[in-house]
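Asks: Given chain L's structure and the hints, the job is docking chain Z with the ligands onto it.
So the sequence lines, in the order shown, correspond to chains L and Z.
For the first sequence, the residue numbers in the numbering used here are 1 to 396.
For the second sequence, the residue numbers in the numbering used here are 1 to 65.
Just to be clear, a hint being listed does not mean it is correct.
[Said to hold, decoys possible] Not close to chain Z: a few residues of chain L, all C-beta gaps over 10 Å, as computed: (1) Arg112; (2) Ser133; (3) Gly138; (4) Ala307.
[Said to hold, decoys possible] In silico EDC-like cross-links for lysine to aspartate or glutamate, where the CA-CA straight-line distance does not exceed 16 Å: (5) L:Lys320 <-> L:Asp341; (6) L:Lys47 <-> L:Asp127; (7) L:Lys47 <-> L:Asp315; (8) L:Lys47 <-> L:Asp126; (9) Z:Lys9 <-> L:Glu56; (10) L:Lys320 <-> Z:Glu42; (11) L:Lys320 <-> L:Asp339; (12) L:Lys47 <-> L:Asp57; (13) L:Lys91 <-> L:Glu238; (14) L:Lys320 <-> Z:Asp30; (15) Z:Lys9 <-> L:Asp57; (16) L:Lys320 <-> Z:Asp37; (17) Z:Lys9 <-> L:Asp315; (18) L:Lys91 <-> L:Asp101; (19) Z:Lys9 <-> Z:Asp30; (20) L:Lys91 <-> L:Glu56; (21) L:Lys320 <-> L:Glu332.
Treat the hints as calculated values from the structure; they're not laboratory data.
No residue lacks a Cβ here, since even glycine has one placed at the ideal position from N, Cα and C.
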Amino acid sequence: MNRVVVVGASAAGLAAVETLRREGFEGDLTLIGDEPYAPYDRPPLSKQILSRTWREDRLPLRSDEDLSALNVELRIGTEAIGVDTRARTVKIASGEALPYDGLIVATGVRPRALPTARGHLLRTLDDALNLRSRLEPGRHLLVVGAGFLGAEAAATARGIGCRVTLVEPAPVPLAHAVGEDVGRMLSTLHSERGVDLRTGTGVAEVIDDGVRLVGGEVIEADEVLVSVGSVPNTDWLEGSGLRLDDGLVCDEYCSAGPGVYAAGDVARWHNPLFGTSMRVEHRTHAAEQGMAAARNLLRGPQGRPFAPVPYFWSDQYDMKLQAYGYLRGHDEVALVEGDLDERRFIVAYRTGDRLTGVIAAGIAPRTLRSWRQAIARSAAWDEDPPTPSEPTRRAA
Amino acid sequence: MRVELDEPKCVASGQCVVEAPDVFDQRDEDGVAVVLDPHPPEELYDQVNEAVAICPAAALRLVRE
Ligand SMILES: Cc1cc2nc3c(=O)[nH]c(=O)nc-3n(C[C@H](O)[C@H](O)[C@H](O)COP(=O)(O)OP(=O)(O)OC[C@H]3O[C@@H](n4cnc5c(N)ncnc54)[C@H](O)[C@@H]3O)c2cc1C
Ligand code: SF4
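Bound-form chain L, shown alone (with noise of 0.2 Å):
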């Protein structure tokens, strides 16, 4: 192994970079990223960015420092255009195609647009900047669609002062993903912060001065953001041979074909811990899965399955939300600590018979970590309750 090329140049990205060089590769490293900033993080662009608490020079992941240690090509401003993988070459769009060994795709999601591509997005920073030079005090914003990015931006744009309409298809947001009572509860803090929330309610289109509702009636606002979703970044990818299905398909050690492997946002894999093919958008996830597909790339056969738990969290207000686990397809929810209405509580999720997951608020991080690790050994729904104990570490 003499090249690696990875694609994608934000959290899964570098995190495969820094692995690669932390595990002994030492041949040549090229790490391609089409915005023409070198990594930086995405979750405090709808938190700390929106709401003018950091200035953008708290972004970057690594100094400047840092990078150049790694001896990395750092390749910003270039969009990876297509793969030969017979001849083992990434085409970029000045034309030039870049030899591999090894290539490690690491290139996200992109959000979703609603049919006339208006409003605003939110997943860059130049996306951040822009929302934000349109919000003062008295300005209203309206959001569409009340999943964790939105409500976290109605809830920024709340706290800077500005009127805030949260509107959502799904009688109960996010019902879907965590069910029905953490969602009523959700709907309550945003409604008690003052937020509008409209939900059964679906949008038509953006227009000048507002929505369009799919009634045809018009909420006006000065400004719009549309967060209804994402989707993978896998175009570049599109006549490669390699299997695409909302994300770049791969097996358990997060190869999507030989010499190629996927991690981050756009990688759908099959977790091994849960016994199902998933793609996760967090932030947390994509620095394991970078390392884990880096290790595997150096390791070949000797790679080891990768199968975490996934962990997010969501500030909204001053209420912190963290959550383990799969919750999708759960067939259960039980509150098993504390109250939802303090907002102090851990709910619990059951797949089968088996406890696939948590989310809590409020609660103390070791009680927390030890429900962590009954999720991480397939704890039986049934089984008592898990006792905080010290913390023990997590074979690599």
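Replies: This is chain Z with the ligands only, laid out in the frame that chain L set:
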């Protein structure tokens, strides 16, 4: 080597404690990381490096003194 934590960046994910439990802990009130051992012994460098790499807020560094 010294472990540095940029506390305001920490998002209380607890990944560092999972990776290097002898070097990191979390505050009970808000989960923000605490460095237990700013000068960890060499045999823990691998664990610390793993924590630095995995920290979802880029809040950790292991710096040469
Ligand atoms: C506003 C916001 C808030 C978030 N908040 C949270 C949170 O609170 N908690 C949480 O767990 N997660 C959060 N996330 C999700 C988290 O940021 C992502 O999971 C993470 O960024 C994924 O990293 P990645 O490297 O896989 O992909 P990305 O960060 O999407 O990076 C992919 C990179 O590849 C580039 N690229 C794409 N196609 C090409 C190409 N053809 N050629 C070259 N480069 C290309 C993209 O431009 C991008 O720079 C948030 C995301 C956003 C947008
Ligand atoms: S891993 Fe990073 S963000 Fe998570 S608790 Fe540790 S320092 Fe904080």
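Asks: Now tell me if each hint is right for this structure.
Replies: Structure-based check of all given hints:
no. : hint                  : verdict
1   : Arg112                : 24 Å, holds
2   : Ser133                : 24 Å, holds
3   : Gly138                : 28 Å, holds
4   : Ala307                : 14 Å, holds
5   : L:Lys320 <-> L:Asp341 : 14 Å, holds
6   : L:Lys47 <-> L:Asp127  : 13 Å, holds
7   : L:Lys47 <-> L:Asp315  : 8 Å, holds
8   : L:Lys47 <-> L:Asp126  : 15 Å, holds
9   : Z:Lys9 <-> L:Glu56    : 13 Å, holds
10  : L:Lys320 <-> Z:Glu42  : 35 Å, violated
11  : L:Lys320 <-> L:Asp339 : 15 Å, holds
12  : L:Lys47 <-> L:Asp57   : 15 Å, holds
13  : L:Lys91 <-> L:Glu238  : 13 Å, holds
14  : L:Lys320 <-> Z:Asp30  : 9 Å, holds
15  : Z:Lys9 <-> L:Asp57    : 12 Å, holds
16  : L:Lys320 <-> Z:Asp37  : 27 Å, violated
17  : Z:Lys9 <-> L:Asp315   : 13 Å, holds
18  : L:Lys91 <-> L:Asp101  : 14 Å, holds
19  : Z:Lys9 <-> Z:Asp30    : 13 Å, holds
20  : L:Lys91 <-> L:Glu56   : 31 Å, violated
21  : L:Lys320 <-> L:Glu332 : 23 Å, violated
The structure is inconsistent with the numbered hints 10, 16, 20, 21, although it conforms to all the rest.
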